[in-house]
Amino acid sequence: MADSASVIKTTTGLYVRQWAVLGVLAALSTISIIVLCLLRRHWRKQLDRSLTIIAFELEEQR
Numbered sequence: 000m001a002d003s004a005s006v007i008k009t010t011t012g013l014y015v016r017q018w019a020v021l022g023v024l025a026a027l028s029t030i031s032i033i034v035l036c037l038l039r040r041h042w043r044k045q046l047d048r049s050l051t052i053i054a055f056e057l058e059e060q061r
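0 is the number of the first residue of the sequence shown in numbering that gives the first Met the number 0; add one for each residue after it.
Keep in mind that the hints were calculated from the coordinates and are not lab data.
Treat the hints loosely; a few may be bogus.
What the hints assert, rightly or not - Distance ranges between label pairs, derived from CB positions: (1) Val20 x Glu56: 32 to 38 Å; (2) Leu46 x Ala25: 54 to 60 Å; (3) Leu35 x Lys8: 36 to 42 Å; (4) Val6 x Ile32: 37 to 43 Å.
To be verified - With a cut-off of at most 25 Å between alpha-carbon atoms, the simulated SDA-like pairs for lysine to any residue come out as follows: (5) Lys44 x Glu58; (6) Lys44 x Ile33; (7) Lys8 x Trp18; (8) Lys8 x Gly22; (9) Lys8 x Leu27; (10) Lys44 x Ala54; (11) Lys44 x Leu57; (12) Lys44 x Ser31; (13) Lys8 x Leu21; (14) Lys44 x Glu59; (15) Lys44 x Val34; (16) Lys44 x Ile30; (17) Lys8 x Val23; (18) Lys8 x Ala19; (19) Lys44 x Ile32; (20) Lys44 x Phe55; (21) Lys44 x Glu56; (22) Lys44 x Thr29.
For glycine and all other residues, C-beta sits at the position ideal for the given N, C-alpha and C.
Between the sequences and the hints, there should be enough to build the whole structure, so can you do that?
Given below as structure tokens:
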């Protein structure tokens, strides 16, 4: 039978691993949110440029 010290050690190790995995997942989700925000800003600028070009072309056709 396992003594109580080894049970506590194993349980503590599992909790530490669990929290480490949660920390890594939280970091990855934070990074992905930041990347998505930056991409959204970039895409919005490109869309504004495209719409401006289209507006000028339509104005020239008139």
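To see whether the hints hold, each was checked on the structure:
no. : hint                      : result
1   : Val20 x Glu56: 32 to 38 Å : violated (53 Å)
2   : Leu46 x Ala25: 54 to 60 Å : violated (31 Å)
3   : Leu35 x Lys8: 36 to 42 Å  : holds (41 Å)
4   : Val6 x Ile32: 37 to 43 Å  : holds (39 Å)
5   : Lys44 x Glu58             : holds (21 Å)
6   : Lys44 x Ile33             : holds (17 Å)
7   : Lys8 x Trp18              : holds (15 Å)
8   : Lys8 x Gly22              : holds (21 Å)
9   : Lys8 x Leu27              : violated (29 Å)
10  : Lys44 x Ala54             : holds (15 Å)
11  : Lys44 x Leu57             : holds (20 Å)
12  : Lys44 x Ser31             : holds (20 Å)
13  : Lys8 x Leu21              : holds (20 Å)
14  : Lys44 x Glu59             : holds (23 Å)
15  : Lys44 x Val34             : holds (16 Å)
16  : Lys44 x Ile30             : holds (21 Å)
17  : Lys8 x Val23              : holds (22 Å)
18  : Lys8 x Ala19              : holds (16 Å)
19  : Lys44 x Ile32             : holds (19 Å)
20  : Lys44 x Phe55             : holds (17 Å)
21  : Lys44 x Glu56             : holds (18 Å)
22  : Lys44 x Thr29             : holds (23 Å)
In this structure, the hints that do not hold are numbers 1, 2, 9, in rising order.
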